[in-house]
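Here is what each chain is made of, one letter per residue.
There are 2 protein chains.
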Amino acid sequence: MRITLSPVRDDGYSTDNSDVSGDIDIDHPEFGILFDVDGVLARGSTPLEPAKRAFEKLKDPVTGKLRVPCAFVTNSCNRSYEKAAQIGSWFNLKVTPEMVIHAPTPAKLLNDVHQKHTLVIGQEHRLEIAAELGFTNLCTLDDVTKAYPLLDMVDHENRRRVASGCYTENPDFPQIEAILLLAEPVKWESNLQVLLDLLLTEGKPVEAPKDQKTVNQLPLIACNMDLQFMAEACMPRLGHGAFLVCLEALYKKITGNELEYSNLVGKPCELTFRFADHTISTMAKEMGFHKPIKRLYLIGDNPNVDIYGANLYNRYLRNVWDNYRNGNVNNRASSGLPKSRIIPDHPDLHEQTVEQCHALLVGTGVYQHTENDNTETAEDMNHNEDKTVYHGHRDIDHDPDLSKPQRFVADVEFAIKHILEKEDFTIS
Amino acid sequence: MRITLSPVRDDGYSTDNSDVSGDIDIDHPEFGILFDVDGVLARGSTPLEPAKRAFEKLKDPVTGKLRVPCAFVTNSCNRSYEKAAQIGSWFNLKVTPEMVIHAPTPAKLLNDVHQKHTLVIGQEHRLEIAAELGFTNLCTLDDVTKAYPLLDMVDHENRRRVASGCYTENPDFPQIEAILLLAEPVKWESNLQVLLDLLLTEGKPVEAPKDQKTVNQLPLIACNMDLQFMAEACMPRLGHGAFLVCLEALYKKITGNELEYSNLVGKPCELTFRFADHTISTMAKEMGFHKPIKRLYLIGDNPNVDIYGANLYNRYLRNVWDNYRNGNVNNRASSGLPKSRIIPDHPDLHEQTVEQCHALLVGTGVYQHTENDNTETAEDMNHNEDKTVYHGHRDIDHDPDLSKPQRFVADVEFAIKHILEKEDFTIS
Numbered sequence: 000m001r002i003t004l005s006p007v008r009d010d011g012y013s014t015d016n017s018d019v020s021g022d023i024d025i026d027h028p029e030f031g032i033l034f035d036v037d038g039v040l041a042r043g044s045t046p047l048e049p050a051k052r053a054f055e056k057l058k059d060p061v062t063g064k065l066r067v068p069c070a071f072v073t074n075s076c077n078r079s080y081e082k083a084a085q086i087g088s089w090f091n092l093k094v095t096p097e098m099v100i101h102a103p104t105p106a107k108l109l110n111d112v113h114q115k116h117t118l119v120i121g122q123e124h125r126l127e128i129a130a131e132l133g134f135t136n137l138c139t140l141d142d143v144t145k146a147y148p149l150l151d152m153v154d155h156e157n158r159r160r161v162a163s164g165c166y167t168e169n170p171d172f173p174q175i176e177a178i179l180l181l182a183e184p185v186k187w188e189s190n191l192q193v194l195l196d197l198l199l200t201e202g203k204p205v206e207a208p209k210d211q212k213t214v215n216q217l218p219l220i221a222c223n224m225d226l227q228f229m230a231e232a233c234m235p236r237l238g239h240g241a242f243l244v245c246l247e248a249l250y251k252k253i254t255g256n257e258l259e260y261s262n263l264v265g266k267p268c269e270l271t272f273r274f275a276d277h278t279i280s281t282m283a284k285e286m287g288f289h290k291p292i293k294r295l296y297l298i299g300d301n302p303n304v305d306i307y308g309a310n311l312y313n314r315y316l317r318n319v320w321d322n323y324r325n326g327n328v329n330n331r332a333s334s335g336l337p338k339s340r341i342i343p344d345h346p347d348l349h350e351q352t353v354e355q356c357h358a359l360l361v362g363t364g365v366y367q368h369t370e371n372d373n374t375e376t377a378e379d380m381n382h383n384e385d386k387t388v389y390h391g392h393r394d395i396d397h398d399p400d401l402s403k404p405q406r407f408v409a410d411v412e413f414a415i416k417h418i419l420e421k422e423d424f425t426i427s
Numbered sequence: 000m001r002i003t004l005s006p007v008r009d010d011g012y013s014t015d016n017s018d019v020s021g022d023i024d025i026d027h028p029e030f031g032i033l034f035d036v037d038g039v040l041a042r043g044s045t046p047l048e049p050a051k052r053a054f055e056k057l058k059d060p061v062t063g064k065l066r067v068p069c070a071f072v073t074n075s076c077n078r079s080y081e082k083a084a085q086i087g088s089w090f091n092l093k094v095t096p097e098m099v100i101h102a103p104t105p106a107k108l109l110n111d112v113h114q115k116h117t118l119v120i121g122q123e124h125r126l127e128i129a130a131e132l133g134f135t136n137l138c139t140l141d142d143v144t145k146a147y148p149l150l151d152m153v154d155h156e157n158r159r160r161v162a163s164g165c166y167t168e169n170p171d172f173p174q175i176e177a178i179l180l181l182a183e184p185v186k187w188e189s190n191l192q193v194l195l196d197l198l199l200t201e202g203k204p205v206e207a208p209k210d211q212k213t214v215n216q217l218p219l220i221a222c223n224m225d226l227q228f229m230a231e232a233c234m235p236r237l238g239h240g241a242f243l244v245c246l247e248a249l250y251k252k253i254t255g256n257e258l259e260y261s262n263l264v265g266k267p268c269e270l271t272f273r274f275a276d277h278t279i280s281t282m283a284k285e286m287g288f289h290k291p292i293k294r295l296y297l298i299g300d301n302p303n304v305d306i307y308g309a310n311l312y313n314r315y316l317r318n319v320w321d322n323y324r325n326g327n328v329n330n331r332a333s334s335g336l337p338k339s340r341i342i343p344d345h346p347d348l349h350e351q352t353v354e355q356c357h358a359l360l361v362g363t364g365v366y367q368h369t370e371n372d373n374t375e376t377a378e379d380m381n382h383n384e385d386k387t388v389y390h391g392h393r394d395i396d397h398d399p400d401l402s403k404p405q406r407f408v409a410d411v412e413f414a415i416k417h418i419l420e421k422e423d424f425t426i427s
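Chains as they are written, first to last, in numbering that gives the first Met the number 0: chain A, 0 to 427; chain B, 0 to 427.
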């Protein structure tokens with residue numbers, strides 16, 4: 000599937016500059032802005048006032064259109080058009096679904112698996128969301144447990160149904176060829192059991208494996224690794240990352256081996272930022288800007304997800320450009336990343352132009368600036384991250400320095416002010 | 000609560016020998032037999048033929064009553080009277096509920112917690128089963144989530160209910176003071192979330208802990224640590240031990256600390272065998288036998304649960320008697336066990352008379368004797384246990400030697416024949 004949003008020339012620049020033809024004086028930005036949503040632009044479904052003012056600063060005063068390419072990078076899992084409509088209405092903006100990058104969205108790049116018979120795990124709209132990503136041959140947990148009614152035995156009600164003979168197997172149910180973990184499901188026990196069965200039998204749970212060591216693990220894609228999230232309760236709630244912890248622990252206990260993900264998707268993974276980078280560049284072309292995008296700014300509220308991810312990507316970019324300068328062009332995508340974090344080649348992914356990714360941390364969400372804390376930069380920031388327990392995913396090393404932003408700002412309005420000043424970019 | 004079955008004199012011998020008064024020639028056994036049920040006496044709800052013949056060998060030909068004290072030690076979790084009635088009908092025996100030791104049964108000895116406000120986790124009959132154990136102040140997960148409706152947020156339906164304001168908190172809900180994990184529940188995500196919340200807040204999840212290090216973990220009792228069990232499917236199914244693996248992994252990931260159990264109950268733990276030992280001695284007295292029980296025989300089908308447990312207990316007994324001979328009487332119960340496996344003192348627990356516990360492995364269940372396998376004893380048994388992955392609980396060290404029985408026998412009939420010969424015990 001094509002993932003670009005507008006026609007591009009081979010040199011990577013848009014042929015479609017109709018929007019700005021006749022406006023040759025306009026500044027063409029060399030940067031783009033990535034916004035986390037909850038805690039930065041809104042709390043739940045209520046937009047924050049500083050966010051309204053921030054977008055006014057980014058709009059052309061005449062046309063009301065954005066003058067800087069922007070995208071919204073959230074670890075939630077939803078239908079993009081719904082989120083786009085919501086953000087658009089909050090800030091009186093035209094927001095296209097392509098500008099919204101949910102946790103699973105970068106799985107659009109995984110075209111190796113799109114045609115495979117894929118079990119999708121999640122909650123509401125999971126089939127629709129997976130189809131949006133390009134998956135064409137999907138099934139749900141219910142489909143699998145209907146085909147193999149002897150698998151899900153934790154619930155004693157089901158044991159009794161089976162004991163009474165009320166079931167029919169479907170031996171013709173096609174082999175599962177890939178697993179897409181979109182979001183935390185309900186009834187974890189059924190999901191964990193069936194996932195383990197499929198992983199141990201290469202997707203055909205009709206016979207126990209003779210030797211676990213020779214089993215080829217199915218492609219396993221996990222979107223969003225957040226262990227917990229804040230909701231109304233006084234303490235964080237279990238998220239998709241907690242489900243993954245259970246799956247990993249059981250797989251390890253049963254087989255003695257580490258569970259292997261083919262791809263981790265969502266913040267803080269590099270793949271998500273690479274996709275956001277692509278989105279920003281594509282948008283810039285759509286907006287008619289001629290200059291390649293060189294710098295990204297991520298504005299987030301969570302040091303361990305947003306800031307960590309932006310800094311991880313910045314480190315990745317440094318490797319990419321070091322490789323490039325050293326002539327290792329073919330090797331640029333992998334750059335020493337673990338297997339689950341390698342960015343795949345995709346024919347529609349534009350050439351890398353971004354050189355740096357800057358992280359700005361706001362105090363309107365997860366991160367709470369303490370009263371006596373006058374810090375502004377990474378150097379004097381002292382949020383004791385290295386003393387706390389690491390809640391990140393197993394496949395991402397714990398490096399407390401990556402949780403430190405380039406700059407702390409009170410809110411997103413200050414963030415925009417800082418970016419425009421730093422870029423010396425005038426919107427008038 | 001009293002856990003003995005009949006009046007005993009202070010010297011430990013029954014005053015009630017009416018059954019055998021007039022039968023002074025009868026042999027008084029110095030041994031008792033512990034039967035695992037599934038895979039030894041039956042498969043599912045069908046009794047095995049060798050088991051029928053085995054019990055005929057143990058009955059007095061005139062009275063039809065058992066001539067050797069027996070008990071049934073199973074890791075399932077049910078109401079004892081139902082299992083007793085089932086076993087009785089299979090073998091035309093009088094089986095009392097006290098002869099059936101389910102996984103949770105030895106929690107009868109934990110009278111320190113019986114009065115505490117206890118959350119009981121499991122499936123059907125969990126309140127009834129916990130009450131049978133002596134717990135007097137119980138609640139279920141539903142009670143907790145009704146009192147604190149903001150806790151269980153994995154299910155998006157519940158999030159929507161909460162978002163719409165359809166909930167009432169009950170701040171007067173009394174603090175949870177202990178947790179009893181009877182068996183694997185349904186909706187693991189809700190159970191895991193609430194258990195973590197209670198463990199992190201000392202049973203009152205209304206405020207986040209200021210410092211996790213100062214939290215006193217609630218008493219946590221886990222009954223049955225079996226990771227998996229065999230059912231109709233081609234591969235083992237997740238059991239209660241799998242739920243514990245998830246709880247332990249999440250607790251570790253979130254807090255950085257190991258989850259601590261106050262008590263592990265069920266095979267292979269020493270507590271269960273100590274309880275079975277007590278049961279056999281009490282039965283012997285009830286049956287009017289005057290000699291103290293010196294030896295136990297466990298007949299099981301699972302090397303890693305039944306055989307491992309019998310051997311663990313045999314090792315414990317060796318320590319107990321070594322201590323005793325060295326004059327360390329007061330220290331006999333702990334004998335270097337980890338905290339979760341310490342056998343508590345209980346006023347009604349009779350004095351230890353058993354000196355040895357022998358393990359007999361049958362081939363009618365989990366363990367499959369291979370065709371070319373002519374082995375009979377531990378020395379020439381070669382079931383490669385040490386090469387496989389350890390599926391036992393974290394708090395029980397992996398010692399492959401403990402999975403090796405004193406003797407392998409084809410079925411329970413051969414086991415009984417072997418025991419009677421070894422004991423030179425004639426039933427005529």
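Please note: incorrect hints may appear among the correct ones.
The list makes no distinction among identical chains, and a pair is therefore deemed to hold if it is satisfied within one copy or across any two copies.
Claimed, not checked - Heads up, simulated PhoX-like pairs for lysine-lysine below, C-alpha to C-alpha not over 25 Å straight-line:
1. K186 <-> K251
2. K421 <-> K290
3. K186 <-> K145
4. K115 <-> K421
Derived by calculation from the structure, the hints in this document are not laboratory data. These numbers were taken from a predicted model, which means no experiment stands behind them.
Evaluated hints:
1. K186 <-> K251: Answer is both; intra-copy 21 Å and inter-copy 22 Å each pass.
2. K421 <-> K290: within (18 Å within a copy, 92 Å between copies)
3. K186 <-> K145: Both ways: K186 and K145 sit 16 Å apart in one copy and 19 Å across, limit 25 Å.
4. K115 <-> K421: Classified as neither: same-chain Cα gap 46 Å, cross-chain 62 Å, threshold 25 Å.
In this structure, the one hint that does not hold is number 4.
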